[in-house]
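Quick mapping for you: the protein sequence lines, in order, are chains R and D.
What the first sequence shows, in the working numbering, is residues 13 to 437, in sequence order.
What the second sequence shows, in the working numbering, is residues 13 to 437, in sequence order.
Keep in mind the hints are simulated off the structure, nothing from the lab.
Honestly, I wouldn't trust all of these hints.
[Claimed, not checked] Simulated coverage check for chain D against chain R, where a stretch passes if three residues somewhere in it have a Cβ under 8 Å from a Cβ of chain R:
id	region
1	48-55
2	62-69
3	73-84
4	116-126
5	155-169
6	265-275
7	298-304
Fair warning: this is a prediction, and the values are worked out from it, not measured in the lab.
Where a beta carbon is used, it is the ideal one built from N, C-alpha and C, also for glycine.
The chain contents come next:
There are 2 protein chains.
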Amino acid sequence: MTEFTKLSNQELRHHQEELRQRYQQFKSRQMALDMTRGKPCPEQLDLALGMLEGDTGKAFRTDDGLDCRNYGGLDGIPPAKALFSEYMAVEPDELLIGGNSSLNLMHDTILRAMVKGVMDDAPAWGQLPKIKFLCPSPGYDRHFFICEYLGIEMIPIEMADSGPKMDVIEDLVAEDDLIKGIWCVPKYSNPTGIVYSGETVDRLAKMKTRAVDFRIFWDNAYAVHHLADGPAPLRNILTACKMTANPDRVFMYASTSKISFAGAGLAIMAGSQANMNWVKNQMAFQTIGPDKLNQLRHVLFFRNLAGIEAHMQKHADILKPKFEAVQNVLASELDGKNIAHWSRPQGGYFVSIDTLQGCAAAVIKMAADAGVKLTPAGSTYPYKSDPQDCNIRIAPSFPPLEDIQAAMELVAICIQLISLEKISG
Amino acid sequence: MTEFTKLSNQELRHHQEELRQRYQQFKSRQMALDMTRGKPCPEQLDLALGMLEGDTGKAFRTDDGLDCRNYGGLDGIPPAKALFSEYMAVEPDELLIGGNSSLNLMHDTILRAMVKGVMDDAPAWGQLPKIKFLCPSPGYDRHFFICEYLGIEMIPIEMADSGPKMDVIEDLVAEDDLIKGIWCVPKYSNPTGIVYSGETVDRLAKMKTRAVDFRIFWDNAYAVHHLADGPAPLRNILTACKMTANPDRVFMYASTSKISFAGAGLAIMAGSQANMNWVKNQMAFQTIGPDKLNQLRHVLFFRNLAGIEAHMQKHADILKPKFEAVQNVLASELDGKNIAHWSRPQGGYFVSIDTLQGCAAAVIKMAADAGVKLTPAGSTYPYKSDPQDCNIRIAPSFPPLEDIQAAMELVAICIQLISLEKISG
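The whole structure should be built from the sequences, with the hints applied where relevant.
Structure follows, in structure tokens:
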């Protein structure tokens, strides 16, 4: 296909006319498709139904006789800690199992840090006139929302294929002791799908930070969520932090929201023993303990990491055709036109499209007008402000395959129409 | 039985000798009994096992077709909101369903208030040099721990049979705008068992507070947890607050921890629409939503308030003999001796004993030395400091009946021995 910028005026008009007709056809179909969030589809959720059934569903005692129905167990039941220490590649005393939401654990860590700090010998973050977080972007909107809500200044950091640009990060944290944290989705990053390289992990672990209480918020949401032949390798950041004498630098998070049930999974937080003790000492004021019955169900259903991995293969079997459909439509509609490029993720929940500068919001609006809701423009950037107005996040997990094909065709038509306007404008 | 203070020296010595022998006998039995916390016993937890079994256990769709396995539902699923609006006697849009812990909801409300305040036109509590809470005492230790943790100054308020002493409260809140809250367990209060009178509720609702952002933390933990023939009446404080033009004064909390499963129940927060919107707007940064499968299980198992009440009758059948045993032992050991008085609760989870001044810590230690762990001395007062050193909280729900009888006999022996020491001084 010819690059759009190399088309004659006549060719442009011809294309435009054809695309407008196709757009009107879509509009007349009155689709009502929501592709805004990375929600598992019902077929994925069905995979874990065994957890609610029979002996697993009604189990309430661990092998050691602990009654999971009663109070207690602030950091989780021992077999759940064993399972997820394997999953997180940390020791059982380096993690805790929370409720159903890792976002909740992250939010609470930061809210507590505002009031109490993150260590004994540094002030509460809220006592300082201002604090700042580094925000590799495009990134996860809910991370950024927490910062905005709490008045934490966000500094966007550009992403490379190996992770956020480390030169920039190293310079910033070495200078500014008000920079207290960085958000990272290190594997199959939301939305770009990139996996942090070993070098990136090591540099994050060993970089000199002016703030003694700098913390990496390591949201490993997609650790086993591969689409290709197997999970991509990710270096263990806790090990890297320990090796560089910064053992307390990282708070790690994960959940089974996209393994078992999106709304009824388990959330995990991990880090050094010192960090976990700090957090548990504070959590003891918040709760007597999380839902241990749900932990027991997860243990009995998955058994071990191999069980989780086998389960995730079934997820991949459902998701792969959907992600392939996105790639196929984008390729057949946009290849060679030089108006967009997009990610080809090996895992995770998103495809990230970058349009020509200044086109994303218009594309998203145009798609919405024809019945396809995408993640709102700018969402993947701090303050919902995409400086180039070019990023579109596609979440293909939930809708059925045929809807995804239709939706992506519509999105591709919108991208072309808006690009043509821009080029001819 | 003769009052101890009227005994001759010889009689005192005789009693003492006899009691010491009985104490030694207990000690030689090497009991290991934990009566520290208000934990339901396994038989109580068994009552709700139907929730985990069969169609109820594996249900995941509401009648309206909502898939409870997926993300969403920040304030709860509609049928759970309907059930608990009946339970809380509020409108469905005046409540939210949280995770498994009402303590968690209370803690989070206060932690957020430290950073964000509780309303638009008042500063965050943490921005003030100091804030204070009124603490009716004896009260619930975990309430007091939250204040201590967050540096909130606690002002103990004496309890009468009708609730906390309102004259004192009214004077304090009218004067001091740093008083931002009060902890209340209005029904079958922990540990005294008293129920707030209608007048107390009304006065709390209508009293003039110097602080515009004063809030009542209404922890109605034992709303349907009666031991006698039926639940004692409690006036609806939200209605009372609305009638006195203070609709936003109260945050109400409840949970099913002592209805379904102590560690896997549902927590509820309720209040005016304005308050609920304030809270939900903030919670949206914390979580995508609570565990909706557990909500659905509760709805299908209990159906309606009548279902909950019928279920609570079964709890009462289990608990009543245990509470009677406590009363019987205390009466037969201590009646007429004028060395202690104790509550005769019509509901809730505790019996509260007041010893002679300066005896409680010694009694608790002495019982522990013989193998019976009671709630630590002072726990029912702010800063764990019982000014009279006289309050002992008895939690008879968990141990088997025969253990309770033995434990209470031991406690009564310890009370007599320590009292005799004090009297013969």
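Okay, the hints, checked on the actual structure:
no.: 1; hint: 48-55; in the structure: holds (count 4)
no.: 2; hint: 62-69; in the structure: holds (count 3)
no.: 3; hint: 73-84; in the structure: holds (count 6)
no.: 4; hint: 116-126; in the structure: holds (count 6)
no.: 5; hint: 155-169; in the structure: holds (count 4)
no.: 6; hint: 265-275; in the structure: holds (count 4)
no.: 7; hint: 298-304; in the structure: holds (count 7)
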